[in-house]
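Enquirer: Listed below, chain by chain, are the residues.
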Amino acid sequence: MTASTPTGTRVQFRAVTKQYPGHRALDGVDLDIAPGEFVALLGPSGCGKTTALRSLAGLEQITDGEILLDGSDVAATPVNRRDMGMVFQSYSLFPHMTVLENVEFGLRMRKVGAASRRTRAEEALEMVGLGVHGKRFAHQLSGGQQQRVALARALVTRPKVLLLDEPLSALDAKVRVQLRDEIRRIQLELGITTLFVTHDQEEALAVADRVAVMKAGRIEQIGAPEDLYQRPSSAFVADFVGVSNRLPGTVSGGEIDVHGVLLPLLAPARPDGAAVALVRPEDVRFAAAGVAATVLTTSFLGALRRTRVALADGTELAVQHGTEVAPAEGAVVHLAFTGAPVALAD
Amino acid sequence: MNRVGIEPRAVTRWLILGVIGLLMALPIVAMVEFSLRGAPGEYTLDHWTGILDPENERKYRGLFEGVGNSLLLAVVTVLIVNAMLVPTMVLVALRFPKLQRWLEFVCLIPITVPAIVLVVGLAPVYGVVSRIFGSSIWTLAFAYGITVLPYAYRAVRAAMDAVDIVTLSEAARSLGAGWLTVFFRVLVPNIRRGMLAASVIATAVVLGEFTIASLLNRENLQTSVLLISRSDPYVATIFALLALLFAFALLVIIGRVGAVQPRRSSS
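From first to last, the protein sequence lines stand for chains A and B. With the first letter of the first sequence counted as 1, position 271 gets the number 278 in our numbering; the numbers rise by one all the way through. With the first letter of the second sequence counted as 1, position 11 gets the number 13 in our numbering; the numbers rise by one all the way through.
Source of the hints: derived by calculation from the structure; they are not laboratory data. A virtual CB, placed ideally from N, CA and C, is assigned to each residue, including glycine. There could be a bad hint or two in this list.
Claimed, not checked - Per the computed footprint, the stretches of chain B lying under chain A, defined by three or more beta-carbons under 8 Å from a beta-carbon of chain A, are:
# : segment
1 : 174–180
2 : 215–222
Unchecked claim - Counterexamples of contact, computed for chain A against chain B with all Cβ distances above 10 Å:
#  : residue
3  : R17
4  : D34
5  : A64
6  : G92
7  : P102
8  : S123
9  : E196
10 : G230
11 : A231
12 : V250
13 : T257
14 : A276
15 : R277
16 : V283
17 : F293
Work out the full structure: start from the sequences and follow the hints.
Expert: Take a look at the structure:
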């Protein structure tokens, strides 16, 4: 299966607002997605990420602003004419149709001839690795297989944009990672513009070209995964993207003094005074000398280990380190900081 | 885990089934026995064969008209339920979910209103109905459409609750389907069993309805059976038996249609 629009479609949100009675789900969202780009909308429940995706699909009517596809406003275009491929969070295969009929459905709506329909549906199923399951029904497939079929069904019509509304959230961890990687492979192969909604930061960072972190109906920060992780523009982003320790300290001259250690600030313009530094677990390490702490718990995570320690003032923090070190619970250790710039909590 | 308390043993199951079956079969067997009675101590098929005897055509004409009227009413009532209730329920579920509780409340009201009270309210309404649609028997289906609402609503609702119709319709819409296609090709096949169950219940209610037809001076199966029972109790019993048999056959046929597996391959 090949893309009919190899360069993809440009998607633009311009000051998009969605107002529900007593609740503003989208509050002037601006977003520009380049043709063929994979953008993830990341945020906690109720931040407006799904509303943004549904607005692009046409399943929600926006209150204000514009949504443009290749420069054309689609506000007046109904869902069934927007030419979007969508995969839903809950299983959405038509239970009374076979897998092949499900995949053919969109083509049937476009009045594609029977022979071409069959060929294209079979190709789409091959693409997601389910070529031999065409005659099965949804209830005869696992959750992961159902979402693969839903992906094939969404892509077979060669839509302008692929919309993924938390398609992995109902799956178990292993299948989730497999399908996540597969989605990215297929997206790159087809060059289709993709908007992916998730509340799982690991998922968003792993697959997206850019990640937009949303909070209370607004995009808090958008950037490449590395940028978001290493240079969060706010405490919310730093806290949401990755695990952050909160260490109280005193800001002075663009640095923060945390337990006698000076750490540079990501935003040095901050006025002097008391503040809370957000320090990544991987920016803290065990050392022969430094800040004394007592080990509370330690967890083996496969390739690495994460240990929770308590400082003398009771502040708890996580330390991420190699598996060769396995500190005993209750042991006294010393901590050092890598010196990476830190964000401050609001 | 101990089986006791989870399900009864096979013997107990058959015993319960047997006792209930016997209780239900007893009046039917008694009806059959009564319909076959001839001279004292003898049994005959005369009452059964007499129904189709051309000589009795005039005598039983009203009865056959009543049967025809009830069948016509059943068909129109089923059409009203499927053409009005189902689309309304789907519309409310998809577009106005906050109205679901109100719709349910309204649909369940008829179960709390005795038929005789309903007729008192319906009598002036039927004055208007008669002026618009005439006084043909089928207009009674408007009233029957109301009386079957609670049963039909629950049957269709159960089927709708079994599938995520919101996601299915959104998926179909995103794939390019218009609302009619969503309704007929995606939703109806998935709530088909509920619609069939609603149709069966509607038919059974209509075939057994007496009060409304009688008080509104219309002739249906039940009013005809009552009328003929005064002159020929045997034939009244035979028709009551046939109505039971018809309802049973309908139940079996529609149950089988509803249970048909989806097609195994596309055309």
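Enquirer: None of the hints should be skipped; say for each whether it holds.
Expert: For each hint, the structure was consulted:
Requiring three or more residues with a Cβ within less than 8 Å of a Cβ of chain A, the coverage given for the segment 174–180 of chain B holds, as 7 such residues are present. Residue count for the segment 215–222 of chain B with a Cβ under 8 Å from a Cβ of chain A: 0. That is fewer than the three needed, and the coverage hint is violated. Consistency note on A:R17: stated as away from chain B, and its beta-carbon is indeed over 10 Å from all of that chain's, at 20 Å minimum. With a minimum CB-CB distance of about 24 Å to chain B, A:D34 clears the 10 Å threshold, and the non-interface call stands.
For A:A64, the shortest C-beta to C-beta distance to chain B comes to about 6 Å, within the 10 Å cut-off, and the non-interface label is violated. Against the 10 Å criterion, A:G92 falls within the reach of chain B, whose nearest CB is about 7 Å from its own CB. The Cβ of A:P102 does not lie farther than 10 Å from every Cβ of chain B; its closest approach is about 6 Å, which violates its non-interface assignment. Under the 10 Å C-beta cut-off, the non-interface status given to A:S123 relative to chain B holds; the minimum distance is some 14 Å.
With a least beta-carbon separation of about 21 Å from chain B, A:E196 lies farther than 10 Å from that chain, consistent with its non-interface assignment. Non-interface status of A:G230 relative to chain B is upheld: no Cβ of that chain comes within 10 Å, the nearest being about 29 Å off. Listed as a non-interface residue, A:A231 keeps its Cβ farther than 10 Å from every Cβ of chain B; the least gap is roughly 29 Å. Distance check for A:V250 against chain B: the nearest CB is about 33 Å away, which clears 10 Å, and the non-interface claim stands.
A cut-off of 10 Å between C-beta atoms confirms that A:T257 is not in contact with chain B; the least separation is 52 Å. Every C-beta of chain B lies more than 10 Å from that of A:A276, the closest at about 46 Å, which supports listing it as non-interface. For A:R277, the shortest C-beta to C-beta distance to chain B comes to about 46 Å, beyond the 10 Å cut-off, and the non-interface label holds. Once the 10 Å rule is applied to beta carbons, A:V283 is consistent with being away from chain B; the minimum gap is 42 Å.
At roughly 49 Å from the closest C-beta of chain B, the C-beta of A:F293 stays outside 10 Å, upholding its exclusion from the interface.
Hint check: violations occur at hints 2, 5, 6 and 7; the rest are consistent with the structure.
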